[in-house]
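S.K.: Chain by chain, the residues run as shown.
There are 2 protein chains.
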Amino acid sequence: MDRPTTGHPDIGEPFTEMDLVRPAEEDCPCKEGMFPRASRRQFLRRGGLLTAAATLLPVRAMAADAPAAAAVTDPPWSVPGRVARSDYGIRSPFETVARLATPAGTDALTPLQSLQGIITPSGLHFERHHNGIPNIDPSQHRLIIHGMVDRPMKYSVEDLKRFPSISRTLFIECSGNSGGTARSAAPKTAQAAHGLTSTSEWTGVKLTTLLSEVGVKDGAAWVLAEGSDGALLSRSLPIDKIMDDVFVAYAQNGEAVRPENGYPIRLIVPGWEGNINIKWLRRLKIGDKPFMTREETSKYSDLMTTTGKARQFSWVMEAKSLITFPSGDMRLPGKGFYEITGLAWSGRAPIERVEVTTDGGKTWALASLQEPVLPKAYVRFRYPWHWNGGETVIESRATDQTGYIQPTKAFLTATEGVGPTYHYNGIQSWKISPDGSVVNVLNG
Amino acid sequence: MDRPTTGHPDIGEPFTEMDLVRPAEEDCPCKEGMFPRASRRQFLRRGGLLTAAATLLPVRAMAADAPAAAAVTDPPWSVPGRVARSDYGIRSPFETVARLATPAGTDALTPLQSLQGIITPSGLHFERHHNGIPNIDPSQHRLIIHGMVDRPMKYSVEDLKRFPSISRTLFIECSGNSGGTARSAAPKTAQAAHGLTSTSEWTGVKLTTLLSEVGVKDGAAWVLAEGSDGALLSRSLPIDKIMDDVFVAYAQNGEAVRPENGYPIRLIVPGWEGNINIKWLRRLKIGDKPFMTREETSKYSDLMTTTGKARQFSWVMEAKSLITFPSGDMRLPGKGFYEITGLAWSGRAPIERVEVTTDGGKTWALASLQEPVLPKAYVRFRYPWHWNGGETVIESRATDQTGYIQPTKAFLTATEGVGPTYHYNGIQSWKISPDGSVVNVLNG
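Same order as they appear, the protein sequences are chains W and U. Position one of the first sequence corresponds to residue 1 (this note's numbering), numbered consecutively onward. Position one of the second sequence corresponds to residue 445 (this note's numbering), numbered consecutively onward.
Think of the hints as simulated: they come from the structure by calculation, not from any bench. Virtual Cβ for every residue (Gly too), placed ideally from N, Cα, C. Check before you lean on any hint, since a few could be wrong.
[Claimed, not checked] On the chain U side, residues computed to face chain W include the following (Cβ under 7 Å): (1) 531; (2) 536; (3) 552; (4) 564; (5) 565; (6) 577; (7) 590; (8) 647; (9) 698; (10) 783; (11) 814.
Can you make the complete structure from the sequences, with help from the hints?
M.R.: Printed below as a string of structure tokens:
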């Protein structure tokens, strides 16, 4: 059957009524019920599936035995009720998308190339921990606020839930994300190269609320935040940021924060590097200078080999973007229409625009941004593309509302050298070969 | 220790440095590491916890044996690494919030009173099925589009993912939601009374895209949507709505649609009653009149006992709101500050405002709405309240941007009678007694 040229003539298969075993009964409005139970049973008997229905044969087995066309002629609805309802639902057994753990077990990366929209399901939010994940009884956990305050206090999780709350959809990104790419290790997939970032809707209490409770003394300028994990991870934050938009979250995507993300409470520091969003938060100490913890001295400062100096307190995650489809280790089935899609984010301001090139940087075009475009959250971008089947390189480039433009790797190397493995936000290039294979190639 | 009057003097406990076993080591910026491993081990030995650390004693057992104050002096970070990292994460074992199944097993309600923000975690999205949940192999599943079209087609799930996509955060509400309350059964909790609604971020392909592929014939006016479940649930939609904002979703909150929500694909009909958002979608047939299926004749029409007539094709879920905290079956610990919070939504237009009364309807005040306020999605509202400890009734009232105001039960009874169990959106009243107990009382 010839198909006229539409926008996407290469997608799908023509269908004829002969593919439908069932008559189109719905066209008779006179019947009491559209598909009375008796006629359905009759049909099942005709199709030889009643036994299968009675014994609850797993559909996977059935599908494996049947040709592909059987999905249309013997649709799965003929064997009802095979997934039990549950108090807390789980994925289909056919879904196997997973986080990717590093060999040390201290990181697990989000499968960015398999996800849609901007919300990362909590089960796939990236993990990063310095000494494992504590299993905290929330009824025993306390948040202490002390130091340069008028009234040192401790709060239970229930106490924190009593205060006025806010909800925000925000990305979190490990400062070491994409570091492997910066060092030209060229991981194969979007997940392996850039998966130490995720986005959730977080709910909690603003630090301005808590600090007005305890009363901050004159001269206070810094806050130490300390976690309850084995690493006792702690960082210093300037009080200006604290008063701007930092909050203590007890909920993630509607429910309690997940264990690997700081259950029962974590600090949320919008737009700043992941490790300062202290998980399993147990203590905030107010002081007049930075506390110079291990995590801001031996780690999380960025050595510039161009100058021999290190950048300290480089908190903000700058504008970045990434094409997630098509991306590394995928294979396009053939030339034709594809929607290029990906994610963009900036720790400073909302994303202003994302440009896409499909010719290795010779020409750039604006991608569409999915509304709403939220500050310090992922933005899903999309760009329609007809692939002509030839070799090419595709890239995306984000610009935020401060005017900051995502740089190339060449620019970062020229200005910062090859030292920093933190805060790498260079443009990502994917090369597509005539056989449809997509590979990670470093942007020059 | 006397506390000066702050906004919330009744929340939390004063803290003294004596509660901290550890000296404030972080104040010395000269050390290599803030908490060198040796000193931490020393501390663990002092606290008698080194054995516990070595044997990975479950914290639940430890916490049960220890007094409450131990959480501060012997914090859980002293026993690292007790939760394993995982490819697909799960909740803390301390979290037990669950859907509530009806006795028939055909419904399970979302625990609205336990959730935060607007996203419903997919594991707690409400369930409603007419004949169980099919376990569909997505590689075998096809969507057929036929009837009054130029090119009948069938599409695999992979085909559908090839088309241009959209993502939208949208509520879905069963048309029977709150029906029990309408009939004065007065379920105890927000979940039992109103839990047949949830909000997810859905991603899929617009029907305008698919219909332009198959070419709609002149005279087409209605579309039949049919599911693959045992009930073969099917509904008719006017083509105007189809061309406005209907789409076929393959993703929910970032990942694949969950089995109980239509895996691998479901129809999303923004703002319209849940049952028309056909799950396990297998077929769209284009016609020139409504198909008059069982679900739009024997069910899902609303009998008005005031006139003896039934309302047919009452698709839109009108503006509604609900206080989720405090709500039925909770107990406030005592007078003082509470943040009243809840959800509002409308199937027609964005929510314009939510008003809250804390004196049984004598006076109303504006609640704050959490940005962004999205069309046809939940809006989280919040209202600060100082409870004086006396008996009172609290309510919320939503107005959408069309000017529609959420009605009282008395108004609905006067205009519609006591017949309709569908589309009940009357104001919900919670009565608070001097002992802090909260009960569901019907709004007059």
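S.K.: Against the earlier hints, flag every one the structure doesn't satisfy and list their numbers going up.
M.R.: none
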